[in-house]
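2 protein chains.
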Amino acid sequence: MAAPTALTGNYIRIQTLTSYFQHCRRSKRWINLKTVNRRSPFCQSLKRHVATVVSGTGLARQIHKEVQSDIAKLVAQGNRRPHLSVILVGDNHASHTYVRNKTRTASLLGMSSSTIFRPASVSQEEMLELIDKFNRDRGISGLLVQLPLPEKDVDGFHIVNIGKLCLDQRCMVPATAAAVWEIIRRTGIETVGKNVLVVGRSKNVGMPIAMLLHSDRNHERPGGDATVIMAHRCTPLPRLKELTSLADIVIAAAGVPHLITADMVKEGAMVIDVGINRMQDPVTGKLRVVGDVDFEAVKVKAGFITPVPGGVGPMTIAMVMKNTVTAAKNAPTY
Amino acid sequence: MAAPTALTGNYIRIQTLTSYFQHCRRSKRWINLKTVNRRSPFCQSLKRHVATVVSGTGLARQIHKEVQSDIAKLVAQGNRRPHLSVILVGDNHASHTYVRNKTRTASLLGMSSSTIFRPASVSQEEMLELIDKFNRDRGISGLLVQLPLPEKDVDGFHIVNIGKLCLDQRCMVPATAAAVWEIIRRTGIETVGKNVLVVGRSKNVGMPIAMLLHSDRNHERPGGDATVIMAHRCTPLPRLKELTSLADIVIAAAGVPHLITADMVKEGAMVIDVGINRMQDPVTGKLRVVGDVDFEAVKVKAGFITPVPGGVGPMTIAMVMKNTVTAAKNAPTY
Numbered sequence: 001m002a003a004p005t006a007l008t009g010n011y012i013r014i015q016t017l018t019s020y021f022q023h024c025r026r027s028k029r030w031i032n033l034k035t036v037n038r039r040s041p042f043c044q045s046l047k048r049h050v051a052t053v054v055s056g057t058g059l060a061r062q063i064h065k066e067v068q069s070d071i072a073k074l075v076a077q078g079n080r081r082p083h084l085s086v087i088l089v090g091d092n093h094a095s096h097t098y099v100r101n102k103t104r105t106a107s108l109l110g111m112s113s114s115t116i117f118r119p120a121s122v123s124q125e126e127m128l129e130l131i132d133k134f135n136r137d138r139g140i141s142g143l144l145v146q147l148p149l150p151e152k153d154v155d156g157f158h159i160v161n162i163g164k165l166c167l168d169q170r171c172m173v174p175a176t177a178a179a180v181w182e183i184i185r186r187t188g189i190e191t192v193g194k195n196v197l198v199v200g201r202s203k204n205v206g207m208p209i210a211m212l213l214h215s216d217r218n219h220e221r222p223g224g225d226a227t228v229i230m231a232h233r234c235t236p237l238p239r240l241k242e243l244t245s246l247a248d249i250v251i252a253a254a255g256v257p258h259l260i261t262a263d264m265v266k267e268g269a270m271v272i273d274v275g276i277n278r279m280q281d282p283v284t285g286k287l288r289v290v291g292d293v294d295f296e297a298v299k300v301k302a303g304f305i306t307p308v309p310g311g312v313g314p315m316t317i318a319m320v321m322k323n324t325v326t327a328a329k330n331a332p333t334y
Numbered sequence: 001m002a003a004p005t006a007l008t009g010n011y012i013r014i015q016t017l018t019s020y021f022q023h024c025r026r027s028k029r030w031i032n033l034k035t036v037n038r039r040s041p042f043c044q045s046l047k048r049h050v051a052t053v054v055s056g057t058g059l060a061r062q063i064h065k066e067v068q069s070d071i072a073k074l075v076a077q078g079n080r081r082p083h084l085s086v087i088l089v090g091d092n093h094a095s096h097t098y099v100r101n102k103t104r105t106a107s108l109l110g111m112s113s114s115t116i117f118r119p120a121s122v123s124q125e126e127m128l129e130l131i132d133k134f135n136r137d138r139g140i141s142g143l144l145v146q147l148p149l150p151e152k153d154v155d156g157f158h159i160v161n162i163g164k165l166c167l168d169q170r171c172m173v174p175a176t177a178a179a180v181w182e183i184i185r186r187t188g189i190e191t192v193g194k195n196v197l198v199v200g201r202s203k204n205v206g207m208p209i210a211m212l213l214h215s216d217r218n219h220e221r222p223g224g225d226a227t228v229i230m231a232h233r234c235t236p237l238p239r240l241k242e243l244t245s246l247a248d249i250v251i252a253a254a255g256v257p258h259l260i261t262a263d264m265v266k267e268g269a270m271v272i273d274v275g276i277n278r279m280q281d282p283v284t285g286k287l288r289v290v291g292d293v294d295f296e297a298v299k300v301k302a303g304f305i306t307p308v309p310g311g312v313g314p315m316t317i318a319m320v321m322k323n324t325v326t327a328a329k330n331a332p333t334y
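Protein chains in written order, with UniProt numbering: chain Y, 1 to 334; chain D, 1 to 334.
Chain Y extracted, bound-state conformation (with noise of 0.2 Å):
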């Protein structure tokens, strides 16, 4: 296992190829060093590794044609057009801007939407009845619930779901542990009897992604067959780290920004980092957005890894549209 200070090294040692790394990245390209090593005996000598960065952008558009074909195909065996709702509480500035990229999204897949404004201070009563008309209503496919605490949404509305999906029954997925879950299964890597770490264990991403990975692929919802590590706040850092060299695949979901550094990574691991987190740059003082996982130096030594952005986030606004068309096909015809 190369320790950070090594990677460092390795990045002087390569200095000389900067510029050519540098074209490589203008033209928006992500670059699989290892494929570039088998091609040139220079950067062989070198034995320079990248993992394999998989984009999630990318994955969302393979997603996002195939739900805009199903669309397509439900309107023209005259059903509905299928319609996403939202109900969007409080004016946190992140959630507006999530919300306006999934009905974005949605009116570009030729789906319909609409976005129901609340205050913060909305009742839990006047919310319940809200959620409840748009239950009932069968112009309405997929209803998101978009609150200012995030975990309230699955804590608050779903349990029966949420019931289902841990006894591996048939169930809307949440978006991003479905996110999770393309992206492994669209990356071609194998989870049955592999180690998954899923570091953070919030009722909406972490929870989720542990119950998918674990349990059997041959029951009604399938599973991932893996041994789940499931770790949190309270495991100490030094046991994290000895897990995660344990872990086949890391899914990082702390919250934290660079949780996950290169030390802590076994050689070839697949690395998703689900975390959003907001930074300000210490060069710039310009705010940017982070993950959990220290990409640049973790890049070097994993096998695959997912960037932020253009990693789960795209990915998991195309699951919440292709969850929206699954509740349109399941509704009764109408």
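Warning: the hint list may mix true and false statements.
No copy labels: a pair is met if it fits in one copy or bridges any two.
Claimed, not checked - Below, in silico cross-link-like pairs of lysine-lysine (DSS-like), each with a Cα-Cα straight-line distance of 27 Å or less:
1. Lys133 <-> Lys329
2. Lys329 <-> Lys73
3. Lys329 <-> Lys286
4. Lys65 <-> Lys329
5. Lys266 <-> Lys164
6. Lys266 <-> Lys241
7. Lys241 <-> Lys164
8. Lys133 <-> Lys164
9. Lys286 <-> Lys164
Since the hints were made in silico from the structure, they are not lab data. These numbers were taken from a predicted model, which means no experiment stands behind them.
Mind docking chain D on chain Y? Use the hints.
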């Protein structure tokens, strides 16, 4: 970490003590050799270690007393006596014994109980009607459905309860999972930040245990705040060994006789054996019950260990009693 051969060596070296231990065994008291060591200079020089055997029978007796006094209080306050109803499907011998143990315990504690028998061919419809009828019956505090496939119990009927369990909300914890929880609590073992390995992912045992132990101690239904590893039949044996050696608490619920051997277990770890396997004794030819743990070998390496029989089994029955009284308490007074 001592290898099994080293342990066998220890056995030979202490042969002179055999008669002493046999005497203690005959008196039907489990011997904590760590305590013995402290007292006898002869034992100390041999550095003989044997785990504290946590008697489920003893702990269950504790809980039974608590339940008994709870029932007495309830009745003294003018409430109806708690009543446990059992629907027993099929004619599996083990199920009948299991149910008989429960109803007998119920009456010993001052609860009334009744058992309804149905053939294995009973229709899903009749079962649902029966359960619905019992659920509405105010004279029944607790209902047990004992099916030929025990997993079905949770699978089919308690989606909402499992949903609540997985969202850390107040709920009925499945009895075996509750038994494991109570064994850890009442033995005074710390779980916060500790590594817990759960072997087996059944929906009524392994999964709820993992849910209880990994979740937040400050939530509505308090959790153990442990790092939890969920292993199962797809976990390759060498990897299971690797993970077991990191575990402070091992919970074996796989249904595989002697799956957990001494070489796997970390010295001083707590080992809880949920397995109930019927095996033919190679010497006597008689059927006997063995757990998932190689008890004799593991007990000289572990810090705490539960035996089979007399471990999780009686505690599970105690937890069924406790759940029934809790249900009676939560019901509207009548």
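Mind listing which of the numbered hints don't hold for this structure, in increasing order? 3, 5, 7, 9
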